[in-house]
Amino acid sequence: MTSLKPKMTVSAVRGRILVTAEDGERIGQWGGTECFLSRQSGLGPCLVVRSSRHKRHEGTFFQLVGLRRVLSTYAMEGKLTIMVPHEQRLCTVFIETVADVDALRIMAALLQDRSHWKDIEKNVACKKGRAGRGSKANGQGLRDPGAFAMPEWDNKDFYIDDAAAPDGDDSGVVINDGGKVTTPTSKKVNMYPKNTVSTHSEVDANSMASTMGRGPSERVAPSKEGVSWTVEQVRAVQLVRTGRNVFLTGSAGTGKTAWLLHLLQHVLSGTEGVVATATTGIAARIIGGLTIYAFSGIGRGDGSFDKIYRRVKSRPEVVRAWRQCKTLIIDEIGVLPVNIFLLLDAIARRVRNEPDTPFGGIQLILLGDFLQLPPVDSSSAVFMSEDRTEEKKPESNWCFDCPLWEKLRLAAVEFRQNHRHESDPVFAACMEDIRYGRYTRRVEGLISTCLGRRLSDRFGVKPTVIVARRQSATAYNMERLQLLDDVNFHRYASEDYASTPGYDLDKEVSLLPLLELRVGAQVVLLA
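Okay, so the sequence shown: first residue is 1 according to UniProt numbering, each after it adds one.
Misleading hints may appear alongside valid ones.
[Unchecked claim] List of simulated lysine-lysine pairs, DSS-like, C-alpha gap at most 30 Å:
| no. | residue 1 | residue 2 |
| --- | --- | --- |
| 1 | Lys313 | Lys407 |
| 2 | Lys407 | Lys462 |
| 3 | Lys307 | Lys118 |
[Claimed, not checked] Pair ranges (Cβ atoms, derived):
| no. | residue 1 | residue 2 | range |
| --- | --- | --- | --- |
| 4 | Gln417 | Arg53 | 54 to 60 Å |
| 5 | Arg458 | Asp401 | 46 to 52 Å |
| 6 | Pro355 | Gly243 | 19 to 25 Å |
| 7 | Ile106 | Arg235 | 47 to 53 Å |
| 8 | Lys407 | Val461 | 53 to 59 Å |
| 9 | Thr242 | Gln417 | 22 to 28 Å |
| 10 | Trp229 | Cys450 | 33 to 39 Å |
| 11 | Arg311 | Asp356 | 52 to 58 Å |
| 12 | Ala21 | Val426 | 41 to 47 Å |
| 13 | Gln88 | Trp229 | 21 to 27 Å |
| 14 | Ile282 | Glu87 | 26 to 32 Å |
| 15 | Val426 | Pro403 | 37 to 43 Å |
| 16 | Lys313 | Arg458 | 32 to 38 Å |
| 17 | Gln417 | Arg453 | 29 to 35 Å |
FYI, nobody ran anything at the bench for these hints, they're computed from the structure. Yeah, the Cβ is synthetic: ideal placement off N, Cα and C, and Gly gets one too.
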């Protein structure tokens, strides 16, 4: 049994601290085994990370004035993730602990409420009685050689622009938008002291869509060269600006995702309360948001409504996100089961105290193609009726078949121009025919050329069969394994973890958690 080292301060958290850059690079020298919050002279409020590599007077200082996001969903389990700029890079700091879970929860609460930053311990390393630990003889405390220097942080060194919004609760996620730090109440706090010039490089505020609401942005990212928007795309933007609920659809390659990214980065970047979500983790990552399940706090949506509602109410950050949300974007709406759609509506009405308004008065922007994959099976989930009571499963699993869809009065816009296959209009027309289930002569001609093609083994490797669903692929692979002569299975269990809590790796990665093979099986090695 190994004993833990003494903590630098009572509020410190010991465990594993990993740091990764925005491009996914892991920065080992910034990680460590202990972290704590401290208001350091010359730096301001900081998250200090220490490891055995640091000398007694050193540590890695992440200055909190640029704090982007705090993910505390799994703080009860000893996991916390924050996103903060450091040395001109946007970093993700993942903290995992077993010994100091309570201290981690306190840290998460402090990070999420800027008004309490004044209560953070000051110059932790050079307090009286600890001069020999983590401090120099000159009493300057811990040192981060690469840190940007700042005057002492206090209420006098920073100003709040109260004209930006009425007084209110300024707790929540802090977002850096081009030199300004804003909270979900859209109070603007200058990142640097008065009469000083920043030497920090600008962190791109458009690299990530806020999941808890956007504050005002004074930066506009450069538009893409050579992009000309269609009439439908321009009309969709105009509808969003008028506050209408919008349903955007179109076949694959018509620019739905490109339009959404443009909307987030250029149209809604100065609008508070915008939440970007998607029904799948991969789609959410593309738009810089999170899944609708994570945002809403409903988990998988299993159980009774009362149970799910209690789960939501037990998480203050989720309730705050619902109440501050003004515009909710849901990408890939086509695969969202109708019961989840109704459940989200019921939760929104209850949490926002708007029982008679669809989604509690939130503007909805829905994107997806109902002619692609159908909604996932939801046989075990709860179903809500229009009067917010539970009822039996609807006959249809499509969102557009429920009465709520009509009550939302969605303005539908269809993108028709296919940008993905502009160089091959015949192929694009065939794809459109197949999308609508039309068996035309051009489709027959295209498919017949594929059916008549001989696929022979090359170097003993059989052609790969492509199917639409993982279950079909698993069933086919198991069927082929059963045909092999070797009767012994070899099983390999994966050991995975997500650096960002809340991600379901089984849904994020198209790999099996348990791989079963036999001698002679055909495999694909990815390295």
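*If you check each hint against the structure, which ones fail?*
2, 3, 11, 13 and 16
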